[in-house]
Amino acid sequence: MKKQMVMMLAGVVLLSAQAADGWRPLRDNSLMVAPGSVLDFSDLLPTPPAPVTERLVVTPGGQLARAGSPSRPQRFLMASAGFDPATGAFPDRMTTDLYVKQLRMRGYNMLRLHFTDASLMAGRQADFDFNPTQLDRMHYLLAALKKAGIYYIVDGMTADTGGYGNNGMTRPVSLKQRVYYDPEAQAHWKKLVEKIYGTVNPYTGISTLADPALAGIILVNEGGLEFVTRGRVADELREPFAAWLQKKYPGSGALSKAWKSDLAAGEALEAKSVGFLKQSAWNSPRMADTQQFYVALQKSTADWMTQHLRQLGYQGLVTAYDNWPSPAAHLARAQFDWVDLHAYFSEPSKFVSPGSVMRQDSMIGEGGRYITELATGKQLGRAYSVSEYGQVFWNRYRRESALALPAYAAFQEWDVIAQHNAPVTLSYAERGGRKDRIYPFMVGPDPVARAGETLAALLYLRGDVAPAKSTVAFQLTPSYAFEDNPFYGNLAIDVARMALVTGFALDTGARAGATARYEASIKPGVGSIVLSGSNKTVDAPASVTEKLGALARDYGGKLGDKVDNSRPAILARISRRLAALRAGGLLPAANTSDAMQGIYQSDTGQLLMEVQRRRFSVTTPHTEGVVFDTPEPQTLRQLSVQEADGPAMVAVSSVDTQPLASSQRMLLVLATDARNSGMRFEDAAETTLRELGTGPVLLQSRRIKLTLDNANAAKLKVYAVDLRGQRGDLIPTTRDGQRLTFTLDTGALTQGPTTYFEITSKD
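Take 4 as the starting number for the sequence shown in the working numbering and just add one per residue.
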């Protein structure tokens with residue numbers, strides 16, 4: 004008893020110290036949005052809910068739509084379910100009903116099932132001996148989603164162990180690599196999808212594959228060859244590689260000549276002993292052939308997988324190879340009508356084990372790198388989803404993605420977005436793993452990541468951010484992907500940054516109706532643009548810096564490549580591309596974009612990224628917001644930040660259909676940073692984890708003074724609301740005509756800290 008008392012007192016002392024340091028514990032336990040509250044977004048979806056009766060299709064222009072309304076594209080805010088063994092698996096029926104209700108209230112109209120195979124096989128000894136309770140719960144969930152009008156997508160296979168019993172411990176597994184060459188693994192995949200999705204769901208009366216609510220299947224999650232071979236390429240792949248090479252070269256002599264003698268001792272085409280390069284290898288004929296082989300093998304693998312699904316009666320969309328941004332990987336995805344891609348900014352090196360390292364860098368300070376990486380994955384004429392994204396905990400700047408990612412997703416007109424993983428958590432006391440505190444890749448327990456989901460419903464799903472006025476297409480040809488840039492890296496930065504100012508898509512080949520969807524095309528290494536209508540080439544003069552970089556690249560060898568890829572050379576190329584867009588009329592004359600100053604303004608004028616200041620702002624009729632690192636006054640249109648005592652993200656959105664200028668009910672979101680009680684690091688920079696900590700979750704306090712211009716200022720009140728949307732403290736305000744001024748101090752709220760506030764004219 005004495006020991007327990009000492010531990011309790013120590014906990015009180017620790018929490019008091021953290022509060023004094025600007026961190027206060029959340030008092031909310033329940034995380035279920037209250038009906039009718041300012042966080043209830045049910046009206047963003049059809050009301051009352053109508054069951055799903057139509058499949059989704061891809062329009063000729065490359066957007067998702069219901070089969071019965073192909074001329075009306077539809078956007079989807081997707082929840083990545085989080086029903087895997089690590090997070091609690093599939094819940095019982097009563098809890099499922101709560102989940103589905105919460106999905107609708109938060110604006111989700113699609114859900115992704117992830118690690119379903121692992122949930123069904125957890126603790127099972129025999130192959131394909133699915134846990135009957137988990138299988139029944141999965142079927143009930145899918146039926147409940149369909150009834151609520153919510154589509155879903157599934158992974159054909161997520162776990163590398165697939166349907167093996169005893170987690171495949173008694174035999175080699177590595178299914179994600181083996182499905183490319185091993186008949187047994189291929190048969191295993193076929194049986195897996197048939198047994199999970201091809202059997203009748205007792206709650207719908209049809210199989211999951213026959214259900215129109217199934218929007219699409221990711222054949223194998225993150226199963227691209229570039230990714231699954233990153234540790235080691237299986238020796239068994241040498242034989243199909245040799246067979247592919249023999250179709251191109253008559254023998255080892257011709258191969259050695261083509262590869263410029265890049266054959267190691269013992270490597271021979273006839274002996275099928277030609278190996279693979281390390282991923283760190285750069286451009287070479289050998290790498291070019293490797294990538295061509297990978298793309299060809301991925302094409303044939305997707306073909307037999309898709310054919311099997313068709314034989315089982317599935318007529319919906321399929322995709323695969325969703326997590327590598329190299330030029331060759333983009334071509335591998337070009338075979339599908341629906342392209343999916345994943346990307347993260349700053350991931351922990353060893354999850355939550357002691358010694359795990361997280362970079363404490365600003366995403367905006369790197370030019371929105373992972374957002375532009377995702378933007379360069381969209382392809383003309385194909386639907387595009389981002390089924391996994393995130394600026395991961397414990398990166399202290401992750402509030403940046405809360406505002407920026409959904410804003411650019413709307414600007415670029417992506418079809419589906421999903422922050423990964425588990426955005427709907429019912430309670431910090433909910434049964435199941437990783438819900439009582441913040442973990443990396445767990446959205447629900449993290450107030451900062453959850454604030455991003457709130458803004459995604461408004462900026463993206465509701466469409467507060469307008470789409471780009473123009474789109475440029477990047478000509479991604481096989482010669483560029485295999486001969487010029489067969490490496491495993493991304494598209495050039497000067498190409499990717501265009502996605503911050505105008506619409507962007509890859510042109511990997513003609514698609515019906517797709518050419519009408521872009522106004523200009525660009526090519527690698529060329530600063531000019533070609534206008535689609537007139538086929539006119541528009542260029543801007545190359546700067547001295549760009550010319551010197553080109554000379555260094557052409558004549559300076561490896562040192563020249565470093566010069567050409569230096570920051571001044573890259574910025575010079577970006578500046579030239581921006582100048583060409585202006586000259587071609589794709590950027591307004593008043594557009595403030597300036598690569599040298601790190602300023603990128605969208606062609607709509609609504610989005611502004613300031614790289615050097617690590618600041619990003621959104622200004623639309625219904626939502627305004629800014630995320631900043633350095634506290635300083637800033638005026639958007641209706642919203643002004645007068646002062647703040649530290650970095651923050653603040654946004655205000657109307658929730659009564661009126662613009663901010665006249666709205667009488669608004670939601671204000673204020674995000675800083677959050678962490679666990681007792682969380683400890685090995686270094687002052689808080690990059691290296693010592694202890695993850697426990698609940699309760701701590702929110703970093705912030706004091707910020709704001710002004711809102713609104714025609715109803717005289718009757719507006721400001722309330723702090725908890726994480727459920729329920730009102731708490733009334734915030735003092737002052738009024739000057741149509742200007743409402745108030746100070747939010749999350750460290751002084753009697754209800755405890757929060758990320759949400761309600762501005763309303765009604766009591």
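Hints may contain errors.
Said to hold, decoys possible - Lysine-lysine pairs mimicking BS3-like chemistry, simulated, CA-CA at most 27 Å apart:
1) Lys250 to Lys281
2) Lys708 to Lys720
3) Lys250 to Lys260
4) Lys198 to Lys250
5) Lys263 to Lys250
Quick caveat, the hints were computed from the structure, so don't treat them as lab data. For clarity, every value in this text was computed on a predicted model and none was experimentally measured.
(message) Check the hint pairing Lys708 with Lys720 against an upper bound of 27 Å on the C-alpha distance.
(response) 15 Å, holds
(request) Below or equal to 27 Å on CA atoms is what counts here, so check Lys198 against Lys250. (result) The hint is violated at about 38 Å.
(request) Assess, step by step, whether the Cα of Lys250 is no farther than 27 Å from the Cα of Lys281, and give holds or violated. (result) 24 Å, holds
(request) For the pair supplied as a hint, Lys263 and Lys250, confirm whether the alpha-carbon distance does not exceed 27 Å. (result) Answer holds: Lys263 to Lys250 is near 19 Å, not above 27 Å.
(message) Tell me if the straight-line CA distance from Lys250 to Lys260 falls inside 27 Å.
(response) With a Cα-Cα distance of about 16 Å, the restraint between Lys250 and Lys260 holds, given a limit of 27 Å.
Checked against the numbered hints given earlier, the structure breaks only hint 4 and satisfies all the rest.
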